[in-house]
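S.K.: So the chains spell out like this:
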Amino acid sequence: MKKLLLALTTSAAVLGFAAAASAQDKTKICFIYVGSKTDGGWTQAHDIGRQALQAEFGDKIETPFLENVPEGPDAERAIERMARSGCAMVFTTSFGFMDATIKVAEKFPDVKFEHATGFKTAPNVATYNSRFYEGRYIQGQIAAKMSQKGVAGYIASFPIPEVVMGINAFVHGAQSVNPDFKVKVIWANTWFDPGKEADAAKALIDQGVDILTQHTDTTAPMQVAAERGIKAFGQASDMIKAGPETQLTAIVDTWGNYYIKRTKQLMDGTWKSEQIWDGLKDGILTMAPYTNMPDDVKKMAEETEAKIKSGELHPYTGPIKKQDGSEWLKEGETADDQTLLGMNFYIAGVDDKLPQ
Amino acid sequence: MGILEAILLTVITAATPLVLASIGELVTERAGVLNLGVEGMMIMGAVLAFAATQATGSPYVGILAGIAGGALFSLLFGFLTLTLVANQVATGLALTILGLGLSGQIGEPYVGMSGTKLPQIAIPLLSDIPYLGPILFKQDLIFYISIALVVGVNWFLFRSRAGLKMRAIGDNHASAHALGIGVIRTRYLAVLFGGACAGLAGAQLSLVYTPQWVENMSAGRGWIALALVVFASWRPWRVLAGGYLFGFVSISQLHAQALGLGIPSQFLSALPYLATVVVLVLISHNRRMTLVNTPASLGRPFVPDR
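The listed protein sequences correspond, in order, to chains L and Z.
Just so it is clear: in the first sequence, position 148 is 148 by the UniProt record's numbering, and no numbers are missing.
Just so it is clear: in the second sequence, position 90 is 90 by the UniProt record's numbering, and no numbers are missing.
Simulated from the structure, these hints should not be mistaken for lab results.
Since we're looking at a predicted model, the values are computed, not measured.
Among the hints, erroneous ones may be present.
If you want the footprint, here are the derived chain L segments under chain Z, 3+ residues with CB under 8 Å [what the hints assert, rightly or not]:
{"hint": "1", "segment": "162-174"}
{"hint": "2", "segment": "344-355"}
Which chain Z residues stay away from chain L? Per the calculated CB distances, all over 10 Å, these [what the hints assert, rightly or not]:
{"hint": "3", "residue": "34"}
{"hint": "4", "residue": "56"}
{"hint": "5", "residue": "75"}
{"hint": "6", "residue": "117"}
{"hint": "7", "residue": "119"}
{"hint": "8", "residue": "123"}
{"hint": "9", "residue": "133"}
{"hint": "10", "residue": "158"}
{"hint": "11", "residue": "180"}
{"hint": "12", "residue": "230"}
{"hint": "13", "residue": "282"}
Even glycine gets a Cβ: it sits at the ideal position worked out from N, Cα and C.
Take the sequences, apply the hints, and build the full model.
M.R.: What follows is the structure, given as structure tokens:
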């Protein structure tokens with residue numbers, strides 16, 4: 001089914017490109033989305049970034065995109081069609097597009113590829129990522145202050161380093177305030193299924209958590225939290241509309257700044273393959289306004305944010321123990337990027353067993 | 001509220017759209033028409049129900065819009081496959097693809113809006129029964145309809161003359177035609193009923209399950225409903241059982257995860273599918289009965305000779 005759907009969308013897209021091919025003087029910066037551009041979360045954030053890019057360069061560029069491209073073998077075909085249609089640069093905006101991006105990049109050495117959140121590069125493939133964990137650390141601190149029960153619920157998508165890193169940062173942030181803080185994790189095994197995300201939220205609340213955070217893409221968990229009268233954190237986009245009295249803050253992806261930077265580099269010939277990992281200080285992610293919390297908690301969050309931005313605080317600073325009790329980081333030691341990007345273990349305090 | 005009660009309440013919400021879409025498709029298939037467009041009709045129901053609720057402020061108008069949307073959409077399928085005798089499988093798939101795209105288009109202005117949740121209706125006296133009362137008799141209208149539909153469809157198919165005729169059409173449309181039964185007309189009605197039920201299932205998604213509009217929010221539930229019909233061997237009670245079993249295992253696995261039992265989450269995620277298929281296949285393992293229950297003309301086009 002999905003294949004047929006994709007074949008239809010891609011062929012429609014190719015037709016669209018054929019019509020636009022006359023405008024060859026425009027540089028084509030292309031985007032592959034895993035979800036719909038109006039998902040209210042991850043993909044929408046990328047699309048807002050794309051719009052910012054388009055607004056910055058105006059008539060000089062075109063920014064075609066493909067939505068709802070499933071991860072897996074189909075992705076390769078979609079990316080290849082994009083590359084073939086004359087894109088100068090293709091942003092593939094989901095972790096699961098990694099191998100497909102590398103494969104297509106081999107066939108199109110003149111096209112630049114940028115893969116979000118991955119770790120494989122090639123001469124014409126760069127990776128870019130955002131240090132979401134910085135935001136998660138702040139959220140953890142807020143959670144520990146705001147929770148009465150000392151237990152937060154975490155709706156996770158897939159057990160990849162990106163997500164594990166977020167869980168650990170959240171736990172570590174929380175435990176910097178309350179050393180006994182616990183986190184319950186549910187793996188939804190999907191990025192996008194409002195119903196399932198809502199079910200996971202209900203299950204967590206029924207088991208006694210009073211703060212909810214999510215690493216899935218829709219506002220459904222926020223809505224459940226609002227209905228049940230607990231507080232929650234938004235993901236990828238500001239979700240305040242789904243929970244005006246519920247959202248404490250949200251990690252907002254602001255990819256636009258990055259897309260503009262890289263497009264400029266492409267145009268003046270300074271683009272090179274890199275592994276870029278920007279954080280709060282670079283503006284690739286921002287914290288939504290701190291709301292629904294007392295002033296002292298808000299002050300703490302703002303201070304932590306400022307410290308992370310200035311480099312004074314690295315969220316992963318020891319002492320940190322792994323879940324099995326063994327030492328990971330010594331007192332004052334900070335985690336290196338390589339370990340973080342391959343993170344496949346929990347730190348102490350996570351009430352879950354990591355799926356392998 | 002006890003944990004079991006909480007689980008059961010969540011299960012009802014999760015199972016209702018599956019039961020609704022399945023019972024509709026069951027009737028369609030019993031008449032010999034295979035409509036693979038359930039997902040598309042469901043999502044159209046979801047978006048129209050949400051839009052109508054936003055426009056009028058009443059989720060009950062939303063329910064009607066969802067039903068009407070699903071039914072109208074199925075009419076398109078009916079016209080193509082019954083009047084123009086197009087291939088049912090291909091048309092059904094096309095209907096799903098069209099529905100997913102069209103609903104995204106219609107729904108664009110509604111993205112990010114918070115919806116209106118369908119209110120719960122407590123049935124007097126019954127809802128005071130300890131334990132079961134608040135679970136079963138303090139629900140929203142769509143839940144009550146879903147149960148009534150299962151009872152009603154079971155009665156219709158196996159206790160009424162019209163149901164007998166419909167099953168006859170599903171089993172052998174040529175003979176039914178020879179007996180003077182209006183094959184095409186009955187099939188149109190069956191397709192419409194299937195569409196209306198799928199539309200209602202969609203309305204449940206955007207008014208009860210997650211009262212909001214998100215593109216693709218049906219997330220494959222139409223396909224699960226289709227599979228349920230087959231594994232339930234076209235029996236209404238088994239569809240109900242299958243839908244609830246699927247919902248129960250889905251929710252339980254989430255609770256198992258939250259308890260931190262250490263069972264791999266990938267396995268737990270696959271469990272609802274596995275459990276439902278195994279149980280329904282075991283229930284329906286009698287080969288002769290399976291043959292009797294399978295509509296023999298399923299998916300075969302009918303062209304009346306003049």
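S.K.: Would you mind marking each hint as holding or not holding in the structure?
M.R.: These are the hints, each one checked on the structure:
Coverage of the segment 162-174 of chain L by chain Z is violated [criterion: at least 3 residues with CB-CB distance below 8 Å; count 0]. Counting residues of the segment 344-355 of chain L whose beta-carbon sits less than 8 Å from any beta-carbon of chain Z gives 4, enough to reach three: the coverage restraint holds. For residue 34 (chain Z), the non-interface assignment is confirmed: its Cβ lies about 14 Å from the closest Cβ of chain L, beyond the 10 Å cut-off. The non-interface label for residue 56 (chain Z) is consistent with chain L: the shortest C-beta to C-beta separation is roughly 21 Å, beyond 10 Å.
The beta carbon of residue 75 (chain Z) is kept farther than 10 Å from every beta carbon of chain L, the shortest such distance being approximately 22 Å. Look at residue 117 (chain Z): its CB is around 8 Å from the nearest CB on chain L, not clear of 10 Å, so calling it non-interface is violated. With a least beta-carbon separation of about 13 Å from chain L, residue 119 (chain Z) lies farther than 10 Å from that chain, consistent with its non-interface assignment. Every CB of chain L is more than 10 Å from the CB of residue 123 (chain Z) (nearest about 22 Å), matching its label as outside the interface.
The Cβ of residue 133 (chain Z) lies farther than 10 Å from every Cβ of chain L, with a closest approach of about 19 Å, so its non-interface assignment holds. At roughly 32 Å, the least C-beta separation between residue 158 (chain Z) and chain L is larger than 10 Å, which holds for a residue marked as non-interface. Separation of residue 180 (chain Z) from chain L is adequate, the least Cβ-Cβ distance of about 39 Å exceeding the 10 Å criterion. Every CB of chain L is more than 10 Å from the CB of residue 230 (chain Z) (nearest about 16 Å), matching its label as outside the interface.
Every CB of chain L is more than 10 Å from the CB of residue 282 (chain Z) (nearest about 26 Å), matching its label as outside the interface.
Violated hints, in rising order: 1, 6; the structure is consistent with all others.
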